[in-house]
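Chemist: Read in order, the letters of the sequence shown correspond to residues 1 to 181 in this note's numbering.
Honestly, the hints are just simulated from the structure, not real lab data.
Positions of the beta carbon are idealized from the N, C-alpha and C atoms, including for glycine.
Some clues are possibly wrong.
Quick list of the computed label-pair ranges, beta carbon to beta carbon [said to hold, decoys possible]: (1) R114 <-> G180: 18 to 28 angstroms; (2) A172 <-> C141: 33 to 43 angstroms; (3) D179 <-> A128: 34 to 44 angstroms.
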Amino acid sequence: MRRAATIALVLAALGASGVGAYQLAPQATPTSAHWRELAWPFPRDGWPAGRAFRCEGGACDGAELYVRAKRGFCNCDSGVADDDEVDRVADIDLITPRFAATAPGEVVHVGELRGRARRYDLAIYDGASHAAAGIAVSRRCDLFVAAAQGRGDANAMQHAALAFLETQEMKAWVTAALDGN
1 MRRAATIALV
11 LAALGASGVG
21 AYQLAPQATP
31 TSAHWRELAW
41 PFPRDGWPAG
51 RAFRCEGGAC
61 DGAELYVRAK
71 RGFCNCDSGV
81 ADDDEVDRVA
91 DIDLITPRFA
101 ATAPGEVVHV
111 GELRGRARRY
121 DLAIYDGASH
131 AAAGIAVSRR
141 CDLFVAAAQG
151 RGDANAMQHA
161 ALAFLETQEM
171 KAWVTAALDG
181 N
């Protein structure tokens, strides 16, 4: 009974101060991101083609994500140890050779894989402002990389990409790709 009286008193005080009860209701969250698979857009190189996705909705709307395994490419002892390695391996250079890191990278995890992520500004041929996030994680001597790019905020793209990579479907695909299947 005492709890109910306290709640009633707080609600009355909030109402009296001009704060509407609607503000106490949970706020609507933005539409969650949905990733639709696309064809791999890059020419063949020394690594197998990966998978490409476009974000529809959420904070990453319109961003594209490119992921692939690079087996036998990583330092077997230290994995992805520094930002220079992310710059070299994360496939940002496939999007454009003109990219610049905006800040130091950070440690990230994709399932049980550990590595680093870093955000970039891109100089794209169309002159529009583009941002990107490069992700490189490893398992033993194998590397898994992801590059997200678009016109939105690089931080939002990175978070949306990492959330997508944590889905059961993607974790299963990453494991299969690193196992050579």
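Chemist: In this structure, is the beta-carbon distance linking R114 and G180 contained in 18 to 28 angstroms?
Modeler: With Cβ atoms ~21 angstroms apart, the hint holds.
Chemist: Are D179 and A128 spaced within 34 to 44 angstroms by their CB atoms?
Modeler: 39 angstroms Cβ-Cβ, so the 34 to 44 angstroms window holds.
Chemist: Taking the Cβ atom of A172 and the Cβ atom of C141, is their distance within the range 33 to 43 angstroms?
Modeler: With Cβ atoms ~21 angstroms apart, the hint is violated.
In terms of the numbered hints stated before, the structure departs from hint 2 and from no other.
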